[in-house]
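Engineer: So the chains spell out like this:
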Amino acid sequence: MTKTTDSSTYQRRRLLVATLGVTALSTFGYLRYGSRQTKSISTAGASTSRTDDADARHSQVAVTTKHAATHYNNAYEFGWNKTDPARHAASFHLRPWTVTFDGLVERPGTFDVDQLMGLPFSQLEERIYDFRCVEAWSMVIPYNGRPLAELLKQVQPLSDARYVAFTSLYRPEEMPGQASPFSTLAWPYVEALTIEEAMHPLTFATFGVYGDPELPQNGMPLRITVPWKYGFKSAKFITRISFTADRPPATWHQETPAEYGWYSNVYPDISHPRWSQASERRILGQGQIERIPTRPYNGYGEAVAHLYPGDPQRYW
Amino acid sequence: MSRLLLHFGCALPGCYLTAGYLQGKLGVDPEKAVIWETGIWAFNLLILVVLLPRAARWARWPMLMQCRRAVGLWAFTYVTGHLLAFITFLLGWDIFRLGEELLKRSYILVGFIAWITLMPLAITSTKRWIQRLGPGWKRLHQGVYIAVVLAAVHYLMTVRSDYAWAGSYAMVVILILSLRFAMWRQTRGSAPLSAATRKPATTD
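Sequences listed follow chains A and B, in order.
The first sequence maps to residues 4 to 319 in the numbering used here.
The second sequence maps to residues 2 to 205 in the numbering used here.
The hints are simulated quantities; they were obtained by calculation from the structure and are not laboratory data.
Treat each hint with caution, since some may be false.
[Stated by the list, open to error] In the EDC-like style, the derived pairs of lysine to aspartate or glutamate whose C-alpha atoms are separated by at most 20 Å in a straight line are:
1. B:Lys105 / B:Asp95
2. B:Lys26 / A:Glu109
3. A:Lys156 / A:Glu199
4. B:Lys105 / A:Glu262
5. A:Lys156 / A:Asp215
6. B:Lys105 / A:Glu138
7. A:Lys156 / A:Glu138
8. A:Lys156 / A:Asp117
9. A:Lys156 / A:Asp105
10. B:Lys105 / A:Asp272
11. A:Lys156 / A:Asp115
All values derive from a computational prediction rather than experimental measurement.
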């Protein structure tokens, strides 16, 4: 051990250190920034397929740009990074797609998603909702669809059905987040609402956003939108809708009950353990971000507060 | 020349971020991107600081040790940038909220403590302070090991579900620390041997 080492050995070691350094740095750079390039290219000149009517309405309120709303998504099925969903969207198969209705209903069955739309996609209703993420950012997004209640009534829920459970797609070969060994979430994603919440006229069965039905990153071909709750309550990629008497599990609530309530209504006074919910960063796109105060029930209190009598803490 | 290269390399992520932010090329949420990237680069440089003595010893390349202070200062710069970005973008310079956040959210407190730990190190990084503190300087600057552990904890605490990146960083920190620990034990166990390894025979 004490014998002297040839000086050429040091030289080789130094070369190795330098090579290792450069390799590590470029690997790091590729992993972190490599995919970003493709994203900014693929998005140029998007969002031109809106009707004039929709355009006029969008100009009246500050609607988030389509690019922002379709390239900044939480869909952990595709990965934890907000740019992952858009990156994996192109290789995702939106059809064939069926939705199974079961549990406490008169007429259970499996239906094709196009059948569930009821109308041709272009004739579906458009609603501009404020979307509030539990991470204290928000967007304003035009959703295309129909009230969820219309779908639910078709299968005739029984009187003892008190909850509606939503099961999202499990397809790890197209959704790398589901295949990741590092993810702590249990797949498939499940979410649930009370039957009153699910039947509420604001709860929207959503088949597209910005007049575009082909956006898996936004939860297509079928998601729900429940605008007075944090975003994760609005289940995406829905393949099964079950009616139950007991309260069904919800993925994030199960994963970290102290951070994500079962109801998860937007309450500015009840903060997430890791950040305040009193205000939000409204993302409008093209780098435009405004800090605004968060409203109870995300501003939909007038329509939904009656669903939650008593102490809001109970409906956290 | 190599010093210039070093400073250039350390400044590069910061320049990239600043330019990207000003040109609006940091994606949909540039604010989060700045917070995130300054944090990750602070961590990268902190890891480099604790890695350099191992590398210098192994490769018998004392020049690597001489880089250490500069890299450390750059690390502190990115940590400070990270904190300022957090205060600017997430708190809107509401200092009362900073106090509230520190009290309520432990991951912010952990990150803040890491910054505080690094502060005296940054201040005493001049030649004059090295002379003034003598052997105490080296002891004080072992504080970087505390900071890097806090950084790993801070990162892990921010994870919502996928531990791949934060976990890898923590593993790297554990690995380097165990190397350091092994070195300490070796120094205690056999003084003459370590004395021999400590002083490189030649410097070329």
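Engineer: Give a verdict on every hint.
Structural biologist: Verification of the hints:
1. Proximity of Lys105 (chain B) to Asp95 (chain B) is assessed by CA-CA distance (about 15 Å); at most 20 Å being required, the pair is judged to hold.
2. Distance check on the hinted pair: Lys26 (chain B) and Glu109 (chain A) sit about 53 Å apart at the alpha-carbon level, beyond 20 Å; violated.
3. The hinted pair formed by Lys156 (chain A) and Glu199 (chain A) meets the criterion: a straight-line CA distance of about 12 Å does not exceed 20 Å.
4. This hinted pair checks out: Lys105 (chain B) and Glu262 (chain A) have alpha carbons roughly 14 Å apart, not beyond 20 Å.
5. Only pairs whose Cα atoms come within 20 Å are accepted, and Lys156 (chain A) paired with Asp215 (chain A) is rejected, the gap being roughly 26 Å.
6. Taking the CA atoms of Lys105 (chain B) and Glu138 (chain A), the gap is near 16 Å; set against the 20 Å cutoff, the hint holds.
7. For the hint linking Lys156 (chain A) to Glu138 (chain A), the alpha-carbon distance of about 33 Å lies beyond 20 Å, and the restraint is violated.
8. Restraint check for Lys156 (chain A) and Asp117 (chain A): satisfied, since their Cα atoms lie roughly 17 Å apart, inside the 20 Å limit.
9. Between the alpha carbons of Lys156 (chain A) and Asp105 (chain A) the distance comes to roughly 13 Å, so the proposed pair stays at or under 20 Å and holds.
10. Note on Lys105 (chain B) and Asp272 (chain A): the hinted pairing holds, with a Cα-Cα distance of about 14 Å set against a maximum of 20 Å.
11. The suggested pairing of Lys156 (chain A) with Asp115 (chain A) holds, with an alpha-carbon distance near 17 Å, which does not exceed 20 Å.
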